[in-house]
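Participant: Please model the complete structure; the sequences and the hints are all you need to start from.
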Amino acid sequence: MKIELKKNLSLLELSDLVKIIEEQETDIKLVDLSYDERLEFLLDALVQERENRLIERLIRNAGFKYPNACLESLDYDSRQIKKSTIINLATMGFISNATNLFILGPTGAGKTYLSCALGIEACRQTYRVLYIRMPDLMRNFENYRDDIRALTRYRKRIGNYQLLILDEWLNYKVSERDAKILYELFEQRCGTNPTIFVGQYPVDEWHDRLGGGTQADSIMDRIVYNAYEIPTSETNLRKIYDTKRLKKLMDTIEK
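In our numbering, the protein residues as written are 15 to 269.
The set of hints was computed from the structure by calculation and includes no laboratory data.
The structure presented is a predicted model; accordingly, all values stated were derived computationally and were not measured.
C-beta atoms are modelled at their ideal positions from N, C-alpha and C, and glycine is treated no differently.
It is possible that part of the hints are untrue.
[Claimed, not checked] As a list, the in silico DSS-like pairs of lysine-lysine whose alpha-carbon atoms are at most 30 Å apart: (1) K170 x K194; (2) K187 x K170; (3) K79 x K194; (4) K79 x K187; (5) K170 x K79; (6) K96 x K79; (7) K79 x K97.
[Claimed, not checked] Here are the in silico distance ranges between beta carbons for each label pair: (8) T121 x N66: 29 to 37 Å; (9) S98 x G226: 32 to 40 Å; (10) R191 x N102: 33 to 41 Å; (11) E65 x R191: 37 to 45 Å; (12) Q139 x S98: 17 to 25 Å; (13) E201 x Q94: 16 to 24 Å; (14) Y158 x D89: 25 to 33 Å; (15) E243 x P81: 20 to 28 Å.
Facilitator: In structure tokens form, the structure reads like this:
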């Protein structure tokens with residue numbers, strides 16, 4: 015590529031196009047393509063390059079606990095979950111329908127990994143996702159308690175994510191003040207953007223853990239009425255996988 019052309023493309027903020035052209039110049043298969051075919055091939059590559067960069071940024075900004083989680087790696091037998099269930103969820107129809115998901119079960123059931131895998135798949139389909147632990151979320155809200163405007167801005171920002179993954183949901187009972195903030199958050203998201211709730215306690219215990227009373231009623235009404243609970247196994251997957259890794263290590267040492 016001519017230096018002047020490369021410079022002009024960079025000035026137009028098309029440095030990614032420069033990279034693609036340089037790569038194609040070394041591909042002998044493109045020599046016999048017509049001008050239109052070459053241009054189409056070039057534009058397709060440019061679109062794919064920019065989409066890949068967008069997906070990488072979405073995954074990085076989501077803050078996943080397991081940034082390499084993927085639905086393809088799920089062990090359906092150990093999880094005792096139907097593959098068809100995950101395939102249907104992977105279409106992200108629950109996002110377009112603003113349907114909340116509940117991933118509930120004991121410690122070690124692989125809940126967080128599954129939520130991250132779903133979140134990363136959402137990023138691949140260019141949805142804006144945020145993964146956050148409930149203690150961290152409430153701590154952030156607490157930091158803004160003396161600045162109502164800042165608190166409102168932060169709550170609205172969290173509310174605008176197309177998919178929110180809230181891990182460690184209700185691992186501890188919330189105060190009346192926290193319940194009010196949660197109500198405002200879920201009021202904003204209700205019917206618009208879904209949330210994946212990841213926790214250990216069954217739904218019938220949430221009302222009490224939200225403080226009970228009318229405030230808890232209001233929160234439950236906004237997160238439960240349009241929701242689907244993903245079946246989880248009672249098996250401690252962490253122990254299973256740790257045992258497999260240990261066996262693999264021992265096999266390697268003993269060879």
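Participant: Looking at the structure, which of the earlier hints fail to hold?
Facilitator: Hints 13 and 14 contradicted; others consistent.
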